[in-house]
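Novice: Sequence:
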Amino acid sequence: MSRSAASLGLLTLLLVATVLPAQAAAVSTSDVARFSSQPEHVGTASFARNNSTVHHENPDDVQSEGDVSELEQWLSGRLSSQLGSSTVKIEQGQYEKAHSVLGDDYDDLLSKYVEVSRQTDGTADDKTAKTIRDAQRSQRQYVSRVQRYRQLYDRYQRAKQNGNDEKARTLARKLERLQKDIDRSSSNLTTNYNRLSNRTNTSTAGEMGRIRNVTQNISSQQATVRKAEFTQTNLTATIRTPNVSFFDPIRVTGRLTDENDTGLENQSIWLRLGGNRSQRVRTSENGSFSLVGRPAVVSRGNRSFRVEYHPTNGSIYLGSNATVQANVSRVAAMIDISNHTRRVRYNDTVAVSGRVHARQVGATDVPLAVFLGGTRLGTTRTGPDGSFSFNTTLPADVPANSSAIRVAFPFRGRALNALNATAPVVVESSATTLTLSGTTGKTRSVDLSGYLTTTTDTPVADQRVSILVNGTQVASTRTDENGTYRISLVLPPSLVPADSNATFVARFDGRGKNVESALTATEIAVSGADDGPLDSTTRGWLVSLGVAALITLGGFFLWRSDFGGGDADPDGRDGMATDVDAVTESDDATTDPSVSAAAFLDRARSARDAGEFETAVEMGYAATRDRFDAVVPTATSTHWEFYNACREADLAAETLSTIADVTERYERAAFAANRVSSETATAVIDAASTLVEDGA
1 MSRSAASLGL
11 LTLLLVATVL
21 PAQAAAVSTS
31 DVARFSSQPE
41 HVGTASFARN
51 NSTVHHENPD
61 DVQSEGDVSE
71 LEQWLSGRLS
81 SQLGSSTVKI
91 EQGQYEKAHS
101 VLGDDYDDLL
111 SKYVEVSRQT
121 DGTADDKTAK
131 TIRDAQRSQR
141 QYVSRVQRYR
151 QLYDRYQRAK
161 QNGNDEKART
171 LARKLERLQK
181 DIDRSSSNLT
191 TNYNRLSNRT
201 NTSTAGEMGR
211 IRNVTQNISS
221 QQATVRKAEF
231 TQTNLTATIR
241 TPNVSFFDPI
251 RVTGRLTDEN
261 DTGLENQSIW
271 LRLGGNRSQR
281 VRTSENGSFS
291 LVGRPAVVSR
301 GNRSFRVEYH
311 PTNGSIYLGS
321 NATVQANVSR
331 VAAMIDISNH
341 TRRVRYNDTV
351 AVSGRVHARQ
361 VGATDVPLAV
371 FLGGTRLGTT
381 RTGPDGSFSF
391 NTTLPADVPA
401 NSSAIRVAFP
411 FRGRALNALN
421 ATAPVVVESS
431 ATTLTLSGTT
441 GKTRSVDLSG
451 YLTTTTDTPV
461 ADQRVSILVN
471 GTQVASTRTD
481 ENGTYRISLV
491 LPPSLVPADS
501 NATFVARFDG
511 RGKNVESALT
521 ATEIAVSGAD
531 DGPLDSTTRG
541 WLVSLGVAAL
551 ITLGGFFLWR
561 SDFGGGDADP
571 DGRDGMATDV
581 DAVTESDDAT
591 TDPSVSAAAF
601 LDRARSARDA
611 GEFETAVEMG
621 YAATRDRFDA
631 VVPTATSTHW
641 EFYNACREAD
651 LAAETLSTIA
661 DVTERYERAA
671 FAANRVSSET
681 ATAVIDAAST
691 LVEDGA
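Everything in the sequence shown is counted per my numbering, starting at 1 for the first residue and increasing by one.
Warning: the hint list may mix true and false statements.
Straight-line distance between alpha carbons at most 30 angstroms, and here's what the computed BS3-like set of lysine-lysine pairs gives [what the hints assert, rightly or not]:
#, residue 1, residue 2
1, Lys180, Lys89
2, Lys160, Lys174
3, Lys180, Lys167
4, Lys97, Lys127
5, Lys130, Lys97
6, Lys130, Lys89
7, Lys227, Lys160
8, Lys174, Lys227
9, Lys89, Lys160
10, Lys180, Lys227
11, Lys174, Lys89
12, Lys160, Lys180
13, Lys127, Lys160
14, Lys127, Lys174
15, Lys167, Lys127
16, Lys180, Lys130
17, Lys180, Lys97
To be clear, the hints were calculated from the coordinates, so they are not data collected in a lab.
Generate coordinates for the entire structure from the input sequences, incorporating the hints supplied.
Specialist: So, in structure tokens, the structure goes:
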């Protein structure tokens, strides 16, 4: 018998030894769902398989700490290996494969790692999980940008060969911006690899070396393009007085010249005033300019202000910038409310309008946060004369009874300071109706569903519904945008014996809200045989641990077999690793630059369908960023800086409006304390879809 055959025989014995004690539980779709789900437990009452998000209260310990640690190490090793494999594909120019290695298979492994890390004490492995996820995201972004650069460079070369100088220069401009983004992505990725190396005690030198080689190659290539297509410029700027405020604005003069010191006429010069604010002027005949700007959201004290020249795509000139220094003093401003809603109930429109000014001088383009009671409803920005207007529908989480609408600056210690403006509002309560129905399956499984509405049939979205069985709370779920909830339970025999009736209760707690509490109950006959000494969740864990052991031991024996003789795998990997690491390649490979954005959209939809609404919003926003990352004229880091760059890129007004909508909803999801609703997630996905899939 050959070593390979003996190894396979041993693997078979290991499989039998692992699976039989777990009552022959196979690794099926439902097992994986149990492995990565987040059931809510009270005592040991429930094991939920839920279509919506379910939250932990007291997770059961299903295996020893040692078993968890071994599985955790195996998963982190697999994840690190796939990151490394992706860098090899990047260096080889196989960008679709570099993406796919970090696709669904990677996400599944990472989800399992996160689930396993929750079973251990401490937060070190939670931080490791975040580092692994950050590395995946930054590497996917890096792959997308490198792939986009290579595609644009090919188009640039074709334009040059065809004598189309104008198109070539436009493409060269895009390449210039993209190369800077690649440098930034490379730096972020290297930082993540260093963190990963420190947390997992594994070397990432090879991965960082490959990324460095690719980045240097692109930088060298772009230097050649830059020299062939563009003329350097020089921007000088001087501030008239070093002490400035909203009343004593920044006054900057300067001149824009080419490399021969010839003034450049009719070119746009920008003064950046912090946040999303800027002022623009055009140069005179000799290249000189004068700018005036009122600091409003800039932090007080000594500050730097950038003066920037951004040529058009078809220009022969390169951009340039200068910096001026000034000491910013605080000025007291006023927020006045002129009109507001006075009485409101759930899902009605809440509106407020007014003006921000200092000594009647309107504060333009200043952000404002709007609150009702202690709940943040959203943000808006002032117009050219300092006026503002905001409206939204009233969410359920605002408490009933008398309240106040409040408009405030979402910052402190800036050039403008103002007391909050408030106005009284009466929030009325709405009675609700809660329904519950259920169907039974085999082995004490029950599928429950229902809906939560007001008595006027308005759906109540994104609210928690608790499920009780025979008086014991076993799980909770949340309503979707239609007020509907669904949940599947497998009930342990300690709670409901086989072939017996059980009382199911659905309960909505309206305390602290403007929709009232509701409760409903139904009796359901539960049927099916007992599971035996091991419940389904424990079997799933044992099978997962068994599979991990099989893969680890199997890889060792097959490596020994290959080392002793036989043909080597052409990719330098053993047969077992090839089977485990196999990644399905896309059958629809494309060079469409929105491919990565489309992937983010797919992830957003999947997250929404799984009830992970915050993740859905993040992925929808990521799709928007990826769609325009080669279009905006400057490198951006914050969401509003990205939007401002889009404004300056002369995009269509409808496109800008859609980007603004996505950006504001993302801000609310990322920074507000309120839970993200499915309605918000759907709105972000729909908006991002128009930008990505409709080719905005």
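Novice: Would you mind marking each hint as holding or not holding in the structure?
Specialist: Hints, verified against the model:
A distance of roughly 22 angstroms separates the Cα atoms of Lys180 and Lys89; the hinted pair therefore holds under the 30 angstroms criterion. With a CA separation close to 15 angstroms, the supplied pair Lys160 and Lys174 stays within the 30 angstroms bound. Straight-line distance between C-alpha atoms of Lys180 and Lys167 comes to about 20 angstroms, which keeps the hinted pair within the 30 angstroms bound. At roughly 28 angstroms between alpha-carbon atoms, Lys97 and Lys127 fall within 30 angstroms of each other, so this suggested pair holds.
Simply put, Lys130 and Lys97 have alpha-carbon atoms about 24 angstroms apart, close enough for the 30 angstroms limit, and the pair holds. Between the alpha carbons of Lys130 and Lys89 the distance comes to roughly 24 angstroms, so the proposed pair stays at or under 30 angstroms and holds. For the hint pairing Lys227 with Lys160, the CA-to-CA distance comes to about 14 angstroms; that is within 30 angstroms, so the pair holds. With a C-alpha separation of about 15 angstroms, the suggested pair Lys174 and Lys227 falls inside the 30 angstroms cut-off, and the hint holds.
For the suggested pair Lys89 and Lys160, the alpha carbons sit about 29 angstroms apart, so the restraint of at most 30 angstroms is met. Among the hinted pairs, Lys180 with Lys227 is consistent with the structure: their alpha-carbon atoms are about 16 angstroms apart, no more than 30 angstroms. Taking the CA atoms of Lys174 and Lys89, the gap is about 24 angstroms. The hint holds against a cut of 30 angstroms. For a cut-off of 30 angstroms, the pair hint linking Lys160 to Lys180 stands: about 22 angstroms separates their Cα positions.
Restraint check for Lys127 and Lys160: the C-alpha separation of about 49 angstroms exceeds 30 angstroms, so the hint is violated. Between Lys127 and Lys174 the CA atoms are separated by roughly 37 angstroms; this puts the pair beyond 30 angstroms, and the hint is violated. Of the supplied pair hints, the one linking Lys167 and Lys127 is violated, its CA atoms being roughly 47 angstroms apart against a limit of 30 angstroms. Simply put, Lys180 and Lys130 have alpha-carbon atoms about 26 angstroms apart, close enough for the 30 angstroms limit, and the pair holds.
A hinted pair counts as satisfied when its Cα atoms are at most 30 angstroms apart, and Lys180 with Lys97 qualifies at roughly 24 angstroms.
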